[in-house]
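Q: Below are the chains, spelled out letter by letter.
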Amino acid sequence: MLIDITAIDVVDSFITRILVEIAKMASLMGVKTVIVGLRPEISITLVEFGVEFNGIETVLNLERGLEMLRAWKRGEHGAYGGEDKD
Amino acid sequence: MHGKEVNTVLMVVKIRIREEYDIVTARVSAKEEAKKLGFGIVDQTRIATAVSELARNIVDYAGEGVIEINIVDKKGVVGGSGSGSSEGRGGDNGGDNDIERGGCLGLEIIAVDNGPGIEDIEKALEDGFSTGGGLGIGLGGVRRLMDEFEIQSNVGEGTKVRVVKWKRI
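If you read the sequences in order, they're chains A and B. Take 56 as the starting number for the first sequence in the working numbering and just add one per residue. Take 105 as the starting number for the second sequence in the working numbering and just add one per residue.
Check before you lean on any hint, since a few could be wrong.
Some chain A residues close to chain B (C-beta under 7 Å, calculated; not the full set) [said to hold, decoys possible]:
1) Val65
2) Ser68
3) Ile99
4) Thr100
Stretch by stretch, here's where chain A covers chain B in the computed footprint (C-beta under 8 Å, at least three residues) [what the hints assert, rightly or not]:
5) 142-151
6) 219-225
Chain A is nowhere near these chain B residues, computed Cβ spacing over 10 Å in every case [stated by the list, open to error]:
7) Ala228
8) Asp231
9) Val246
10) Leu249
11) Gln256
No lab work stands behind these hints, which were simulated from the structure alone. Positions of the beta carbon are idealized from the N, C-alpha and C atoms, including for glycine.
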């Protein structure tokens, strides 16, 4: 699963909790989550603020996120929910 | 607890916080004021995040409260307009913060509620402590994001949090 947060300009502890919970739920169903579009100012704020995206991968942009999903699909059986013909 | 000499230059906006949507209003206004004051994008985000956190605390724990966003200056020196109270109290440097603030501008956020109050403030500031099912990094995180942080709380009476971000010169 890919969550694009480019349009979000403030990530507080509430939004973090929501994202982490969604990822946890997805992982119960064998789905990995990748968050894309974290702006530089948000990542600075998150580090100072002290929140962590436990269990979620974050990458720079949509393209990288899709690359990561493809890599998971190739490399890990069942990790992204499907039989892969390769 | 009047540790610091901060003069309110102009009250910008006072937002009543009652429901979730008010959190967005407070956050957006804080960011706008920060931008108008000339804060960079990182500081704008720090301020908006802190306001979002304080407003959410009001909604989650007190149910109702007010957030004030003020432009303040240090030692009454702003734009050369003799704002009167330039008493030479140079002695009180802002504690652990080394930024020289001779007459610099800042954005002050005051969050007040008449909620249940906080029993153990020290503990509430610790990371990982929460009575409300949250992440427990809210208040400690707000303190790290801002330059000044004061909290007063009495059980059964309410809570007042005051934070300031000073503009880097």
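Q: Against each hint, give a clear statement of whether it holds in the structure.
A: To see whether the hints hold, each was checked on the structure:
no.	hint	in the structure
1	Val65	holds (5 Å)
2	Ser68	holds (4 Å)
3	Ile99	holds (5 Å)
4	Thr100	holds (5 Å)
5	142-151	holds (count 5)
6	219-225	violated (count 0)
7	Ala228	holds (13 Å)
8	Asp231	violated (6 Å)
9	Val246	violated (8 Å)
10	Leu249	violated (6 Å)
11	Gln256	holds (22 Å)
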